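Trainee: The chain contents come next:
Number of protein chains: 6
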Amino acid sequence: MPIIEMHMLEGRSLEDKARLAEKVTSACCEALDCNASTVRILITEHKNGEFFVAGKAGRASDQAAAAQSSGEGAQPL
Amino acid sequence: MPIIEMHMLEGRSLEDKARLAEKVTSACCEALDCNASTVRILITEHKNGEFFVAGKAGRASDQAAAAQSSGEGAQPL
Amino acid sequence: MPIIEMHMLEGRSLEDKARLAEKVTSACCEALDCNASTVRILITEHKNGEFFVAGKAGRASDQAAAAQSSGEGAQPL
Amino acid sequence: MPIIEMHMLEGRSLEDKARLAEKVTSACCEALDCNASTVRILITEHKNGEFFVAGKAGRASDQAAAAQSSGEGAQPL
Amino acid sequence: MPIIEMHMLEGRSLEDKARLAEKVTSACCEALDCNASTVRILITEHKNGEFFVAGKAGRASDQAAAAQSSGEGAQPL
Amino acid sequence: MPIIEMHMLEGRSLEDKARLAEKVTSACCEALDCNASTVRILITEHKNGEFFVAGKAGRASDQAAAAQSSGEGAQPL
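Residue numbers (my numbering), protein chains in the order written: chain G, 1 to 77; chain S, 1 to 77; chain F, 1 to 77; chain C, 1 to 77; chain X, 1 to 77; chain Z, 1 to 77.
Among the hints, erroneous ones may be present.
Claimed, not checked - Below, simulated DMTMM-like cross-link-like pairs (lysine to aspartate or glutamate); rule was C-alpha separation at most 25 Å, straight line:
#1 K23/Z - E45/X
#2 K47/S - D33/F
#3 K56/Z - D33/X
#4 K23/G - E30/S
#5 K47/G - E30/Z
#6 K23/C - E10/G
#7 K47/C - E10/F
#8 K56/F - E10/Z
#9 K47/S - E10/Z
#10 K56/C - E30/S
#11 K47/F - E10/Z
#12 K23/Z - D16/X
#13 K23/C - E22/F
#14 K23/X - E22/G
#15 K47/Z - E30/G
#16 K56/X - E22/F
If you're looking for bench data, these hints aren't it; they were derived computationally from the structure.
Computed from a predicted structure; not experimentally measured.
Using the sequences provided together with the hints, build the complete structure.
Mentor: The structure is reproduced here in structure tokens:
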């Protein structure tokens with residue numbers, strides 16, 4: 001049955017989103033042993049000024065988070 | 001940045017949900033070329049009487065849908 | 001296609017929820033001229049301390065709102 | 001109290017959405033015996049490439065589902 | 001961890017939304033004693049014909065509600 | 001009009017949630033110059049195995065994120 005809502009920053013192509021939906025659907029089917037026909041995915045895109053981390057607009061903050069976690073140590077975040 | 005809400009019927013084990021989260025996170029990273037640290041997943045489980053397809057409680061209907069789509073023809077749904 | 005999430009205060013019976021789903025599904029089909037099989041409904045129940053109007057826990061506030069709107073005038077709210 | 005989020009494919013007129021909201025509100029009031037003033041409805045429209053069934057973009061898949069369920073037998077989906 | 005989805009009628013400036021996110025993030029940190037870096041906010045704007053109170057398009061109804069509650073008495077709504 | 005859904009890990013007291021709702025409502029009213037009666041808040045709590053960051057169950061990951069950002073450098077995340 002999974003119904004999946006995905007919130008993303010806008011800017012992805014139709015192809016990106018189609019590939020995302022295909023891969024996430026497969027991941028669900030593998031993990032839950034369910035039929036693909038029961039998996040529904042809704043994507044909602046948000047403009048840059050509509051997503052915030054720590055109270056700051058998202059894209060910059062998100063990149064900072066990624067930079068941190070791929071940073072100088074063994075941070076598994 | 002993806003923030004993902006997954007709605008499922010209750011009854012999955014902690015291991016199922018952990019495996020699901022791991023596989024969906026990987027699927028996002030591959031499809032969007034993003035860092036895993038930016039992927040957040042929220043699972044909400046619904047009891048059987050809280051999910052409906054065509055106005056009928058969900059589990060039975062969902063199985064009917066799956067049965068149909070794996071049925072006697074070439075239905076690609 | 002409609003996918004419908006309904007948030008309600010907890011306390012309704014299974015029968016109430018089934019009747020709600022049935023009536024809402026019919027309403028969608030009539031208004032959108034769509035097939036019932038494309039209508040999915042998810043109900044999420046919230047405890048009394050998880051729903052707030054004007055910053056106050058919900059049930060009392062909700063009743064106040066209803067009382068107001070059925071009140072002494074011609075309030076079309 | 002019901003707060004209702006409806007996800008639909010884009011393309012409906014304002015009149016369609018107004019009629020939908022009116023009918024769904026009435027359905028809630030009848031089923032839950034609540035005051036209309038406590039019913040709030042949010043509609044989110046999704047573009048065709050933002051809704052997926054079985055990993056495929058939604059409109060086509062949704063029509064396939066409807067076709068199946070209105071099909072040649074007594075399918076209760 | 002809080003992940004917060006805010007649904008609003010469209011028409012707010014980027015500055016309004018940034019100030020909103022900043023203040024709501026601070027409110028969370030104070031109330032929950034959590035680190036701002038764990039607070040994520042998603043804003044979804046709805047057009048006037050996509051939000052309904054009591055089955056009527058939202059802005060008018062919302063203003064009626066506000067007028068009522070700031071009205072002539074000691075209404076605790 | 002804001003309608004706000006807050007997703008949190010379970011474990012907060014009723015008092016915590018009431019204080020959170022009160023502060024977030026005030027933050028909205030200040031930032032948007034709107035009447036408190038138009039602000040509705042829904043809290044959904046998730047168990048520890050239902051929230052994931054980078055594919056890992058949430059609480060630990062969330063604390064790691066907080067630790068990082070309050071860490072030995074000037075990371076403003």
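Trainee: Tell me, in ascending order, the numbers of any earlier hints that this structure violates.
Mentor: 2, 6, 7 and 14
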